Every structure is written in C-alpha cells, then in structure tokens.
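Asker: First to last, the sequence lines map onto chains S and R. Counting in my numbering, the first sequence tops out at residue 377, every number present. Counting in my numbering, the second sequence tops out at residue 598, every number present.
Worth flagging that the hints you see were computed from the coordinates, not collected in a lab. A hint or two may mislead.
Said to hold, decoys possible - As a list, the in silico BS3-like pairs of lysine-lysine whose alpha-carbon atoms are at most 25 Å apart:
{"#": "1", "chain 1": "R", "residue 1": "K513", "chain 2": "S", "residue 2": "K13"}
{"#": "2", "chain 1": "S", "residue 1": "K80", "chain 2": "S", "residue 2": "K131"}
{"#": "3", "chain 1": "S", "residue 1": "K279", "chain 2": "R", "residue 2": "K387"}
{"#": "4", "chain 1": "S", "residue 1": "K80", "chain 2": "S", "residue 2": "K66"}
{"#": "5", "chain 1": "S", "residue 1": "K148", "chain 2": "S", "residue 2": "K131"}
{"#": "6", "chain 1": "S", "residue 1": "K80", "chain 2": "S", "residue 2": "K216"}
Fair warning: this is a prediction, and the values are worked out from it, not measured in the lab.
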Amino acid sequence: MASQLSFAGFAWKNLWRRRLRTFLTLGGIAMAIGAFVSLVGFSRSFEHEWLRLYSSAGTDIAVSEKSFLNTSLDESVGIKLRAIPVVDRASPMIFNLMDLTPEINAIVFGFQADSYELDALTFLSGRRFQKGHPEVLLGDVLANSMSKKVGDTLDIQGTTFTVVGIYHGGSSLDASAVIMPLDELQQLTSLQGKVAAFHVRLKPAPPGESQEAYLKRAQAEIEAALPGLHAMPAAERASNNELVGMAHAVAWGTSSIAMMVGILGIVNTMAMSVFERTKEIGILRALGWKSWRIMMLIQTEAAVLGLVGGLLGICVGWGALRVLSVLPQTSSVVSAYVSPIHLLEALGIAILSGLVAGAVPAWRGAHLSPVEALRHD
Amino acid sequence: MTSPQLEVRKLCKSYDEGRIEALRGVDLSISSGEFLAISGASGSGKSTLLQLLGGLDTPTSGEVLFENAALGTAIGLDDYRANRIGFIFQAFYLLPTLNAIENVQVPMLALSESPRDRAQRAEALLVEMGLESRLKQYPNELSAGERQRVAIARALANNPSILLADEPTGNLDSVNSAHIMDMLVGIQQQRGMTLIVITHENDIANAAPRHIRIRDGRIAS
C-alpha cells in the first residue's frame, strides 16, 4: 500500500525534523503543565479535603470573626450560640500547623472532649481524650508515619502528650492530624478563652422547608443573634477560607508564570520553524495552498506541541502529587486525587497555549509572498 | 477563431518603488495545448513573466487573463495555482521531510480527496515517471534527474491545464536534460496540456514550436 500523507502527518513530520528543539519545547510545556496539575491540583484537593472535614463531621455552618486564621473569638460566645433555636450543637475549635519533629509537621485541632465532631471519627485503637489532660488523638496516617501507638508520648512545643487514641477520619486533613483538648491547645498557644471558630450542627430542617432555604435562614438568625460574627455554610467556608484562598492564589500565580515560560518556548520554536521553512512555505503557496491552510498547518504543529506537552505535563504533575501525598512533610495537606475535569482543564490550557503561541508565527508564515518566500535562502 | 487560454495585456512589473522595471508592457497570447519556450538573458524579465503567468505575483499594471478571466480579480490566485497550474522549478523544491510519494501528494492536500485516492494517484504518477522503485526515497536519496521527475509528477498531481517550467534542466547533465525535456514534451502531447518553458538553453528553446525572446522586459522576437 502506498504511503498516505495526511495533514496531521505532515505537521508531525515538520516537528520531527528538529527533534531536539521539539523535545526541549515539549519539556518546557510539560514542566508548565506539570506545575499547573500539581499546584492547582494540590490547592483544589486541599479545598476538597476541607469540605470533607466538615461534611464527615456533619457540620452545617462555621461561625467565626472575619478571618478564622485569627484565634480571637471569645469562647463564651458558645452560650449565646447554643441558645439560638435552629442550633443543635456548637463546637468551639482551634487549629494550628505545628512541627511535631524537624521533618514532620501536622495540623493540630483543639476540640472539646464532648465535641460532636469526635463522634464522626472511627477509633482504630484507644479512646477519646479527657478535658484538662495532656492527651492527644492521632490520625491513622500520621500515627503510621510517626510509628506511634496508643500509650506512646509525643512532645509538642515543649509539652509531653500521651497518645490515647488512633482514629480514622473522613478527610486526609484529619487522617494526618493531631486532635487534642481545646484547653490544652489554648494553653499551648497562649490563647486561653479564645477560639478560631464554632462549628455548628443545625437541627433538622422543618418539613416543607428546603435544606438550602433552611441554611440561609439559620445563617441569618445566627448573624442577627451574634452581631459582628460571620455564619458561613460549611461548603462556602471550605472554598472561601483564607488558607484555601492562599493555596489557590499561590498555585495559580506560580502556574501562570510557568505557563508564560512554556508559551514563550512554543513561540520561539514556531517562529524559528517558520523562519527556517520560509522557502518551503513559498513552495506550498506555489502549489496552491491558501494562506489559511498554511496557517492551519503551523497552528496544528503548535497545537500538537501543546497536546503532547500537556499529556507529558499531566504525568509529571500527577507523579509530583503522588510523591507529595506520601511524604511525611506534606501528606497532611496533599491528596493524590486529581479530578478528571482538572486533567481536561490542563490539557485544554496546554492546547490553547500552543494555539496562542503559534498564532503570530502562523500569521506571518501565511502572509508571506510566494515569490519572496521562494527567493529566501 | 478560438480565444487564447492565457493572455497578457500591457503587463508591467516593477520593484523597489519603480526603480527596477522587470517587465515593460508585455503583450502575449498563448493557446491551449501550445508548447512555448521563453528565453532571454539573466535579468531580462523572463522569470518575472513566468511568475505572473503562474499567479505567484501580481503585476504593477496590465493584466493576465486565463480563459478570458482576469487573474487576481475574476479568478483567485490560490485557486488558479491549485487547479490550473503545475510548477516545475530548476531547484526541484521538493520538501526534504517527505519521501517521493508524499511530496507528490502535497498539492492534493489542498483539495478534498480521500488519503487513499491521493496516495494511489501519486503512485500512478510516479510509475508514469519511471520511479516505481523510488516511491519511498527521500529527496536526498534521489539523483538530480529523479528529483526532477518527482517534481514533474507533483506538478501533474492536480491535473492542471498548464505546466510552467522555470529552467527545468538547469541543474541537470545533458543526458538527464534531454530525458526530462522528452518527458515534458511527451506529457504535453499526450495530455494536450499547455507547456511554457523558461530556458536559456538554445537547444530547448529552438525545439519548441513557438519561441519568444525577452530583452529588457519586452518581447524582442
């Protein structure tokens, strides 16, 4: 069978001609897309895990001051909060990121011993802590990575705690976390009487009222009863909290810079390629190829660079996430899960970047005069 | 009397803001199926005339008519080059990344045909050129004569009605030159195509039934 020449095959042969340059360009795009997949994937999984943290415990609303990074909310607010008719349970909490060893850091949550949030944990061994005792619970992932079991001790910021329980939580955030009595964490951080937020579980919605409408009403009632405080639905809190916001901003900022570098790489490759092939473009024009077809050829080459670079980048990014998700230093906040939509988004961005980067060289190539192009050396 | 296939009226082409006048009012009629040789010294304007006849460039003034339709206005230059004209160049201008049969398929990519049909037609053309054993050779693996035969097959790919050859034997030895010219004349006669050859070789020019000389941008004889 005679070898058939397709348009895409022609484009690929043009890229294959300069293998080293093509591979270097692919490397640049792969790194950029890898950064996007891993960083944005990390920030989204971080958000996702926050949501799971709330939903696994049955938290409907989080009440805090403007920022829950400030542990400045008076614990006594809980009395007023629990008196609001729609509120079933209100659990004060603090959290902090602390070094447990020079290599391992973890989120440390402070909850009351009778917090409903502890009900959602599955105890693999041991029991709950007791108020006023230097006791901690460890998530199973953290306990494994630190080789700790019930009865062992753990030094946190100069205080020795006894591990009294190992639990499995509903989110990778608490699976790699430490939970200790609220008063112990307040003391450890010198924030006696202060909390970061109250997690609220609402009473069931009355018949005839939708969950959404009930949530809005509850939110309004809480904010009316506690002026100056914000009551935010858990899903909104998960996606809108400062930590997630910072993670998103850093991820998108860094990825954007990486993408700019990747795009410049494709621009350079395509511009060089068009310059080197000026005479060939003239031949194609002489053979009856229209400007738009020349443009399509160059854009196809640029898009193929984006597509192949994007696929490589997805492998790189996903690999990086998998590594980060098992490293002790990062496993508490990184999950290896990447949504298919995120991967499609990465591939779309890669192809779009190729097209954007190829646009100017393609336009230039397409508008060369055939005679001038044929004269080019 | 039948109307000419190609007609050139008061054709002028200047470059460098009018400082260089390559063609100065050329009038020419070419009938369908004619074999015309155009000769002239280097810089006489013969290649410029070929470029304008082939729709590669536009005149500064005057017009080129194909079957009474003005190029560039009544007929788009791209469509004209794709469907009516087959170019053969002195330097062959084969694409180095493609093998012989792929090179012949390049003009067909501009038309809507199935890849299988394109490949079959390219193969038939190369067989016609005596290159059945060289289908998958790349240009750098072919001799100069073979390259020019691939270029002729490529020029015929879209069944043009006019073959424009710019010094087609300029890079060939005498044996290959004679072979290529025999081939071109054979194609012209068999297919009833118009063949316009630019040449500075008297043997080739004199072998053509019609021969015009260009001097200083004008037809001298």
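Asker: So, for every hint listed, does it hold in this structure?
Answerer: Now the hints, each set against the structure:
no. : hint            : verdict
1   : R:K513 - S:K13  : holds, 15 Å
2   : S:K80 - S:K131  : holds, 22 Å
3   : S:K279 - R:K387 : violated, 30 Å
4   : S:K80 - S:K66   : holds, 19 Å
5   : S:K148 - S:K131 : holds, 22 Å
6   : S:K80 - S:K216  : holds, 19 Å
Of the numbered hints stated above, the single one contradicted by the structure is hint 3.
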